[in-house]
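Asker: Sequence:
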Amino acid sequence: MTMLADIRGQTFAALRGPNFRLYISGQAVSLIGTWMQTVAQSWLVLQLTGSATAIGIVLALQTVPMLLLGPYGGVVADRSDKRRLMIGLQTLMGVQALILGLLVVTDTIALWHVYVLAVALGLNQCFENPARQSFMLELVGPEDLRNAVSLQSVLASCSRMIGPAVAGLVIAAGGLGVCFLLNAASFVAVVTSLLRLDVSRLQRSPAAARAKGQLREGFAYVRSTPDLAVPLSMMALVGCLAFEFQVVLPVLADHTFAAGAGAYGFLTAAMGAGSVVGGLAVATWGRTGTRPLILTSLAFGIAMAVAAAAPNLTTLIVLMVIVGALSVTFTSTTNSSLQLASAPTMRGRVMALWSVAFLGSTAIGGPIAGWVCEQWGGRAGLLLGAVACLVAAAMGVVALRRRTATPAEPAAVTG
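Under the numbering used here, the first residue of the sequence shown is numbered 1108, with each subsequent residue one higher.
No lab work stands behind these hints: they were computed from the structure. Bear in mind the structure is a predicted one, so any value in this text is a computation, not a measurement. C-beta: ideal position from N, C-alpha, C; glycine also. Mixed in with the good hints, there may be bad ones.
Unchecked claim - So the derived label-pair ranges between C-beta atoms look like this:
{"#": "1", "residue 1": "1305", "residue 2": "1504", "range": "41 to 47 Å"}
{"#": "2", "residue 1": "1191", "residue 2": "1280", "range": "36 to 42 Å"}
{"#": "3", "residue 1": "1402", "residue 2": "1483", "range": "27 to 33 Å"}
{"#": "4", "residue 1": "1280", "residue 2": "1330", "range": "48 to 54 Å"}
{"#": "5", "residue 1": "1310", "residue 2": "1276", "range": "38 to 44 Å"}
{"#": "6", "residue 1": "1422", "residue 2": "1128", "range": "36 to 42 Å"}
{"#": "7", "residue 1": "1187", "residue 2": "1396", "range": "25 to 31 Å"}
{"#": "8", "residue 1": "1175", "residue 2": "1295", "range": "28 to 34 Å"}
{"#": "9", "residue 1": "1219", "residue 2": "1504", "range": "41 to 47 Å"}
{"#": "10", "residue 1": "1367", "residue 2": "1191", "range": "42 to 48 Å"}
Work the whole structure out from these sequences, hints included.
Answerer: Next up, the structure:
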């Protein structure tokens, strides 16, 4: 019993803090709504166009702003009160979902509306994402950071299971538009949780003073720090080509297995179930650094390759549980490794680059994955991700060997 209690205490260590409990409760509601919108948006575009490439274009439009402006979002995060910044930006995200929902329920939606609102959401995320990622350390402190990041991933994974399932029921009962409206309402919970935080308990990072060249300074800092540059490079490749499940899974469900929206929901929920397992494992036993990241990237690639060869939908659903577990292990390890290796006044800029590598890279990878799926089917989309993971693992190995092979500088001779 003592061992089980110790494991449980280690797994949920960050929940001891009242601020984190309040924050994550708001996130729980909002993330379910976000996944409802994600499923509904992909299905909406597929209904409007019948094209996997169009889904990829929407995702690209949503992430191009992150690719172009994300690093500057990190500069703003380093200069700002992150909590206040998040309150304003989360409110705007709720308004975006509300507009999309109203267009759908009034049957006035057109593809260009989806495109414009995707760009608006992407502009918002440029600034909200680095603020939210770097705020986690202020919320829980360095001793509980890895645990908090992992628990946040578990929450996102639970939302990935619940949100698509609820979306399927809502679409069947009330239509696509209701999913967007419910997502808009969910932002009330996260904004309320941020307003109610005990600011005296926050471990605030010192704000960076305004100065010229801070964006260049951030890039130079990352380039000169291998513990940041290597994980970010791996995340960029994997984020670009392996995390395009919003493009690949609808094609697998509808075209490869001819099973419809229900199968898409099951595949997404299966990934969510696996992500919960992976997130809890990382929260309890996870490690940070380049070596654990290499092993995870290798396993992630192998799992995606095996899933691509699944003979039927049932087998694929089972395999997507494993893919989901490894996907969250990879992102959680990268996230916590970068935050712990970053200087406090640089953390916003570093996490902005993480956001660019993870989310912004979809601007490139989304259309590529969509084109690959249209040419060779959904299985090819999974194989594309598998190759990206394996290449990223090889990049990490090469970088580690170079660092090991570099001789230490000789000590200065005196006397």
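Asker: Determine whether the Cβ-Cβ distance between residue 1280 and residue 1330 falls within the hinted range of 48 to 54 Å.
Answerer: holds (52 Å)
Asker: If I claimed the Cβ atoms of residue 1175 and residue 1295 lie 28 to 34 Å apart, would that claim hold in this structure?
Answerer: holds (30 Å)
Asker: Against the range 42 to 48 Å, how does the distance between the Cβ atoms of residue 1367 and residue 1191 compare: consistent or not?
Answerer: Distance hint for residue 1367, residue 1191 holds at roughly 44 Å.
Asker: Can you let me know if the beta-carbon spacing of residue 1305 and residue 1504 is within 41 to 47 Å?
Answerer: holds (45 Å)
Asker: If you check the beta carbons of residue 1219 and residue 1504, does the distance land in 41 to 47 Å?
Answerer: holds (45 Å)
Asker: Is 38 to 44 Å a correct range for the gap between the Cβ atoms of residue 1310 and residue 1276?
Answerer: holds (41 Å)
Asker: Residue 1187 and residue 1396, beta-carbon distance inside 25 to 31 Å?
Answerer: holds (29 Å)
Asker: May I ask you to test the hint 36 to 42 Å on the CB atoms belonging to residue 1191 and residue 1280?
Answerer: holds (38 Å)
Asker: I want to verify a distance hint. Is the separation of the beta carbons of residue 1422 and residue 1128 within 36 to 42 Å?
Answerer: With Cβ atoms ~39 Å apart, the hint holds.
Asker: Taking the Cβ atom of residue 1402 and the Cβ atom of residue 1483, is their distance within the range 27 to 33 Å?
Answerer: holds (29 Å)
No hint from the list above goes unmet by this structure.
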